[in-house]
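**Student:** Going by my numbering, the residue at position 229 of the first sequence is 229; the numbering climbs one at a time, nothing skipped.
Think of the hints as simulated: they come from the structure by calculation, not from any bench. Treat the hints with care, as some may be off.
Within a straight-line C-alpha distance of at most 25 Å, the following computed BS3-like cross-link-like pairs (lysine-lysine) qualify [claimed, not checked]:
#1 K196 - K284
#2 K410 - K224
#3 K130 - K210
#4 K566 - K245
#5 K239 - K632
#6 K142 - K124
#7 K91 - K58
#8 K282 - K34
#9 K441 - K410
#10 K196 - K152
#11 K616 - K587
#12 K25 - K294
#13 K240 - K587
#14 K25 - K130
#15 K34 - K91
#16 K66 - K152
#17 K3 - K91
#18 K566 - K502
#19 K279 - K294
Quick list of the computed label-pair ranges, beta carbon to beta carbon [unchecked claim]:
#20 G109 - R49: 49 to 59 Å
#21 G500 - P311: 19 to 29 Å
#22 V461 - Y328: 46 to 56 Å
This structure is a prediction, so every number in the text was calculated from the model and none was measured. The beta-carbon is built from N, C-alpha and C at its ideal position, and this holds for glycine as well.
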Amino acid sequence: MIKITFPDGSVREFASGITSMEIAKSISEGLARKVLSAEVNGVVWDLSRPIETDATIKLLTWDDAKGKNTFWHSSAHLLAEALEALYPGVKFGIGPPIDNGFYYDIDLGDRTISAEDLPQIEQKMKELAKQSNPYARKGVSKKDALAYFTEKGDEYKLELINDLEDGSITFYSQGNFTDLCRGPHIPDTGFIKAIKLLNVAGAYWRGSEKNKMLTRIYGITFPKQSELDEYMNMLEEAKKRDHRKLGKELEIYTTDDMVGQGLILWLPNGAAIIEQLEKLAKKKEEQAGYVRVKTPHIAKENLYLTSGHLPYYADSMYPPMELEGVKYYLKSMNCPHHHRIFSAMPRSYRDLPLRLAEYGTCYRYEESGALFGLMRVRGMNMNDAHIYCTEEQFVEEFRAVTDMYLNYFKIFGIDKYVMRFSTHAPEKLGQKYLDNPDLWKKTEDMVRKVMDDAAIPYIEVPDEAAFYGPKIDIQIYSAIGREFTLATNQVDFGQPLRFGLKYIDKDNTEKMPLVIHRAPLSTHERFIGFLLEHYAGNFPVWLAPVQVAVLPISDKFNDYCNEVIKVLKNHEIRTFFDTRSEKIGRKIRDAEVKKIPYMLIIGENEMASGSVSVRKHGSGDAGSIPAADFAKQVQEEVNIIFQ
RNA sequence: GCCUCCUUAGCUCAGUCGGUAGAGCAGUUCAUUCGUAAUGAACGGGUCGUCGGUUCGAGUCCGAUGGGAGGCUCCA
Numbered sequence: 001m002i003k004i005t006f007p008d009g010s011v012r013e014f015a016s017g018i019t020s021m022e023i024a025k026s027i028s029e030g031l032a033r034k035v036l037s038a039e040v041n042g043v044v045w046d047l048s049r050p051i052e053t054d055a056t057i058k059l060l061t062w063d064d065a066k067g068k069n070t071f072w073h074s075s076a077h078l079l080a081e082a083l084e085a086l087y088p089g090v091k092f093g094i095g096p097p098i099d100n101g102f103y104y105d106i107d108l109g110d111r112t113i114s115a116e117d118l119p120q121i122e123q124k125m126k127e128l129a130k131q132s133n134p135y136a137r138k139g140v141s142k143k144d145a146l147a148y149f150t151e152k153g154d155e156y157k158l159e160l161i162n163d164l165e166d167g168s169i170t171f172y173s174q175g176n177f178t179d180l181c182r183g184p185h186i187p188d189t190g191f192i193k194a195i196k197l198l199n200v201a202g203a204y205w206r207g208s209e210k211n212k213m214l215t216r217i218y219g220i221t222f223p224k225q226s227e228l229d230e231y232m233n234m235l236e237e238a239k240k241r242d243h244r245k246l247g248k249e250l251e252i253y254t255t256d257d258m259v260g261q262g263l264i265l266w267l268p269n270g271a272a273i274i275e276q277l278e279k280l281a282k283k284k285e286e287q288a289g290y291v292r293v294k295t296p297h298i299a300k301e302n303l304y305l306t307s308g309h310l311p312y313y314a315d316s317m318y319p320p321m322e323l324e325g326v327k328y329y330l331k332s333m334n335c336p337h338h339h340r341i342f343s344a345m346p347r348s349y350r351d352l353p354l355r356l357a358e359y360g361t362c363y364r365y366e367e368s369g370a371l372f373g374l375m376r377v378r379g380m381n382m383n384d385a386h387i388y389c390t391e392e393q394f395v396e397e398f399r400a401v402t403d404m405y406l407n408y409f410k411i412f413g414i415d416k417y418v419m420r421f422s423t424h425a426p427e428k429l430g431q432k433y434l435d436n437p438d439l440w441k442k443t444e445d446m447v448r449k450v451m452d453d454a455a456i457p458y459i460e461v462p463d464e465a466a467f468y469g470p471k472i473d474i475q476i477y478s479a480i481g482r483e484f485t486l487a488t489n490q491v492d493f494g495q496p497l498r499f500g501l502k503y504i505d506k507d508n509t510e511k512m513p514l515v516i517h518r519a520p521l522s523t524h525e526r527f528i529g530f531l532l533e534h535y536a537g538n539f540p541v542w543l544a545p546v547q548v549a550v551l552p553i554s555d556k557f558n559d560y561c562n563e564v565i566k567v568l569k570n571h572e573i574r575t576f577f578d579t580r581s582e583k584i585g586r587k588i589r590d591a592e593v594k595k596i597p598y599m600l601i602i603g604e605n606e607m608a609s610g611s612v613s614v615r616k617h618g619s620g621d622a623g624s625i626p627a628a629d630f631a632k633q634v635q636e637e638v639n640i641i642f643q
């Protein structure tokens, strides 16, 4: 007999060799129908695998992330089985589960697969799923494994097997399909009731640009059709929030072939949002003791040789312009310019910390395939600043920057983010990282202390730091589920060295300052892209390009409307006056579609009483109040942000 | 950059078998002066992304190229 411990701590005895499925059945038939795999002593196992020692066990269902993983992994095998049936001779790469579904990488030789072929493959998968073929696990020797895939002619699997230890290799089979696989899998294909193949894409074998490009098929499956329907609905909803769609609909930005890819043309509405963001940044930075500077878009080659950006990053810089034998580059970073400002005059310890801020325009030649709406562009405006401080001041300064980030997140209601603390790898000092172990240790310890003291949750990622120092990246998630870096907060002791930055300390000796790079509001491009999706285009009053739409019932009230607009403008409120001879319902509809936060409906009653009827975007009629009171309320609503 | 797909009016899209382009919305003009999500009518608007090929004839078929989408790689 063996002892099985359950998650609630209870212990039951079973005969040795019992399977998780049998255990599930002993609990209830309902559970046995739902269970997908089991975590046995912390490792996810097939339900059919016999347990021969005392163990802690957790039965995994669709409600567990690990259960979903098993389900989707098995679905990938089902996809492979269908592909092999439809495209004999197809070769397989890898087919893992992912956050939302699974994929399989395949090599079809001369044949291609396109989106139109997916329904047919889906159909085949459904047919095979209905057969409820069990997933069978089998240990094989390395020799047999190699023989099997040599016979099959699948060089990708052979490459994988060659990297595996003999004795640790397992095959899984279902129906007519056998795959090299560590497992685990669900009991049989019949569990997979709803199947959707989402798209085809190219993917390099083993993720390297040097290798062959395989065809990747993405799909998702569910134990119930209703869950698939729900998921597809969610995808539809997410599409409506896509910043590229909203950016067009709300006339925020455009791009133009004649101007160039990745170069954003901001329309008046977008420019209005930019104005507000800059106003906010100015205010917050001024409060935090920053001073503003302005630097040009180009600089001589020597600046980037000194900073070290050339030649390592020349590929992602626009090529130089050469005039009178001198090369000029478009700047891809603001830091070198700021460093020269630091060095423009002798600096004393009394000048530190010196915080130089600028909404600087940078240009990076991103690969054409990497460009993506506002999120990845070639010309961008960074909310940049560089803080020059002494080692003693560093913790305080780094903390202040972190506080500023958190303050911004509160203002924008950003609560889903992850702080990634990227540190160096000691064995790569002198290659990937600047060779100064003391400074690495010192600065990493200081950053860790700031994060721990402030009790900010973060994940530490070794070997991801910048060449010149550790950094904190803030990862956020767009409404479409994409993860990207919004902002970064970096320590730099490399550039101060390269630029020979120094200050005169109390003891009259020269010392090198540390530099903090920070960009809490990212770039205008990426941040507004994010905000569009974050707010689904419903900008809060303070950011909305147009804050108040003034809608007369008929043009008889235009004069009174103009008086109201005058009052609004005196309160610095951005307005739109709809003078079309349309019915009020139409004007309201159009203002709602434009997502203008407030609409003022003005007719006979309002004119007589000197009031306005307020309608709030998305929530309807909000009653009428005196025009001056409304203006004051809106102004206060806005001012609160800038305090 | 690489793989797959897409590219028709300002926007969203239709266009059959290869026979010289169509709708809705938007725009302009006129009428209407209206109380909380679309008043009506008329009019204007396209070298079918560009270049080349096949064909008596190309929006339609083929090739190249620009741009876009989904991925991969990259992201100081």
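**Student:** Failing hints, ascending?
**Tutor:** 1, 2, 3, 4, 5, 6, 7, 8, 9, 10, 12, 15, 16, 17, 18, 20 and 22
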